[in-house]
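Assemble chain U onto chain W, guided by the hints.
There are 2 protein chains.
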Amino acid sequence: MTERTVGELGEARLIARIRDRVPPYGPSVVLGVGDDAAVISPEPRRLSVVTTDALVEGVHFEWRLTTARDVGAKALAVNLSDLAAMGAAPLAAVLSLGLPESLEIERFDAVVEGLIDVARRYGVAVVGGNITRSPGPMFIDVTAFGSVHPRRVLRRSGARPGDELYVSGTVGGAAAGLRWLLGADAARVRAGEQEADGSNAVMDAVARYRQPEPRVRLGMLVGRNRAASACVDLSDGLADAIRQLTAASQVGARIEGGAIPVHPSVAEVEPDVERRLDLVLSGGEDYELLFAVPRRRRRTFLALSRLASLPPVTRIGELTASPDLVVRRQGHEAALPRGFAHFAPVG
Amino acid sequence: MTERTVGELGEARLIARIRDRVPPYGPSVVLGVGDDAAVISPEPRRLSVVTTDALVEGVHFEWRLTTARDVGAKALAVNLSDLAAMGAAPLAAVLSLGLPESLEIERFDAVVEGLIDVARRYGVAVVGGNITRSPGPMFIDVTAFGSVHPRRVLRRSGARPGDELYVSGTVGGAAAGLRWLLGADAARVRAGEQEADGSNAVMDAVARYRQPEPRVRLGMLVGRNRAASACVDLSDGLADAIRQLTAASQVGARIEGGAIPVHPSVAEVEPDVERRLDLVLSGGEDYELLFAVPRRRRRTFLALSRLASLPPVTRIGELTASPDLVVRRQGHEAALPRGFAHFAPVG
Chain W
86 MTERTVGELG EARLIARIRD RVPPYGPSVV LGVGDDAAVI SPEPRRLSVV
136 TTDALVEGVH FEWRLTTARD VGAKALAVNL SDLAAMGAAP LAAVLSLGLP
186 ESLEIERFDA VVEGLIDVAR RYGVAVVGGN ITRSPGPMFI DVTAFGSVHP
236 RRVLRRSGAR PGDELYVSGT VGGAAAGLRW LLGADAARVR AGEQEADGSN
286 AVMDAVARYR QPEPRVRLGM LVGRNRAASA CVDLSDGLAD AIRQLTAASQ
336 VGARIEGGAI PVHPSVAEVE PDVERRLDLV LSGGEDYELL FAVPRRRRRT
386 FLALSRLASL PPVTRIGELT ASPDLVVRRQ GHEAALPRGF AHFAPVG
Chain U
86 MTERTVGELG EARLIARIRD RVPPYGPSVV LGVGDDAAVI SPEPRRLSVV
136 TTDALVEGVH FEWRLTTARD VGAKALAVNL SDLAAMGAAP LAAVLSLGLP
186 ESLEIERFDA VVEGLIDVAR RYGVAVVGGN ITRSPGPMFI DVTAFGSVHP
236 RRVLRRSGAR PGDELYVSGT VGGAAAGLRW LLGADAARVR AGEQEADGSN
286 AVMDAVARYR QPEPRVRLGM LVGRNRAASA CVDLSDGLAD AIRQLTAASQ
336 VGARIEGGAI PVHPSVAEVE PDVERRLDLV LSGGEDYELL FAVPRRRRRT
386 FLALSRLASL PPVTRIGELT ASPDLVVRRQ GHEAALPRGF AHFAPVG
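Residue numbers (the working numbering), protein chains in the order written: chain W, 86 to 432; chain U, 86 to 432.
If we strip away everything but chain W, and leave its shape as in the complex, we get (with noise of 0.2 Å):
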């Protein structure tokens, strides 16, 4: 082969590039990647769960700082979180690309594959997608399809006040990571003046920035046994996830700063003790899950979260009737500060 670029190998060409990587269909993929849409047959007595988020290059990406693997296998992710936070079963996802002309075909490659292995550990069939050229930035959407039982899907709406609020894994982690790799350090590590000197509690944030988990069989499970009554993905962070929750339950919400499980990282990238508590919750992308739980139903749902493999979960506070969002910290309470903003610039 002697093209170098994707402008240069034409769409027909990388379609067959995706096919030819895509793994072998389950039962329920009656036509995928090659036909004018993807024919899926539903599983009987299940409604269909839909959710679709775009990765925009300098805008959720920079090449700078990630690998084309890890936005492949991000872009997947972030819409799986979705599902997770509806405590529904990944079935299958369509991807639509815009890629500019001069995109190496070696990217392009590593994209498809990233995203492909997180298809393939979920179990997510890759059905069909759409590319075409951008004159700008790079942009990869997917939108994902699960399937949940009637009366088990995790709305964000059903929370009562007296339900305590748990959150899974630890929050600050991917933020921190993007901070630092933002920071003079890694410059000098791109400009290959110095190893990756980061602490193993940095290298972890910048792993959860680039390569974010998303909480399926948490949510699953949780959905499943109706231990929650209300669940939200912190795509935006922890101060949003909490404002979105609170406000589609009609409750308020007080929280314990001191209860936050922190990442070890935030620590180290934010030295100002004041400023850290920001960090950890308008800091996005952790895409851990929030869950109102109530009271009766909190034994189960700890018993759920001590299983093999999920990550822990930790009580951060609890809704009240008055409609205030309030942190709590060393005596005093403050107003819950806004969330993070994806329409906003960063970087």
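Fair warning: there could be bad hints in the mix.
Stretch-level coverage of chain U by chain W, calculated; a stretch enters the list once three of its residues show a Cβ under 8 Å from a Cβ in chain W [to be verified]:
id : region
1  : 123–129
2  : 140–149
3  : 172–185
4  : 205–219
5  : 230–239
These are calculated hints, taken from the structure and not from any lab test.
For every residue, glycine included, the Cβ atom is placed at its ideal position computed from N, Cα and C.
For chain U alone, kept in the frame of chain W given last:
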């Protein structure tokens, strides 16, 4: 409201503007815009059909050649055309928008209104979406869902030698309309130097380019009555559609050049008779349907096509056991030209 651009308004308020415009949902939508994902109740004993297609500013549309309403309408229409080509009934759609921060709110609203207008016309529930900033062109990516009876799927494969090829409506109009828009007359109209003085045929061609009409009802009726052995839509031109259908069905085709139902504007925008057939075969975006019809189904197929408010269908050739793709014209035969490529620059 003092804000003028989408960047000033921000993601949450843009989503609210979409939600406010979405028509009330029918009973099959369990959860629409506003949660982590949408939840739909699939029709029992039907397969789900899924397709995705994006329009990118500078590739698929330019603001100087179209209106914002038409961009929104077309973004959904091109996806409904794919569903029609499968014989599927459209049900729902999700919308992913990439917006330059400087985009006027007025333009944003018009794009959304155009899309919702088509959604309302075809009974499509707009159940979710995503808005992000784009540092380059605007893009609008739609994923549409439909349903079809398992034994009534119209595939690209399934046609056999001896089957007749039919095309709906007329061909070449969208390409002729675009060519007129790119020409000197249209530039003078835009500059206010003269009134739009294209003939009726040319004005109709411009409308076909800007406001394609997906052949939803025709596709569904042909599928339901099993009146065709294969089908594909004409998004990338007639030659490309013939190529896709014959490749998937492993047959060849002999096309009667003189039988193709050419849009009346083509003769006006392309005075050269030789080049006219090229425009008709390779010009894209007509969004008509190409059907392979077994001879024993011809009467059923033609009876359907005579139903009120369906476009006419025209026999343009037949499929052959020999794999060649041949166009006959005024006694001599030539190879079918390559189709329209969205990946190549336009305009």
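Status of each hint after checking the structure:
1. 123–129: holds (count 6)
2. 140–149: As far as the region 140–149 of chain U goes, the hint holds, because 5 residues have Cβ atoms under 8 Å from chain W.
3. 172–185: Result for this restraint: holds, n = 6.
4. 205–219: Since 8 is at least three, the answer is holds.
5. 230–239: Contact hint for the region 230–239 of chain U vs chain W: holds, 5 residues under 8 Å.
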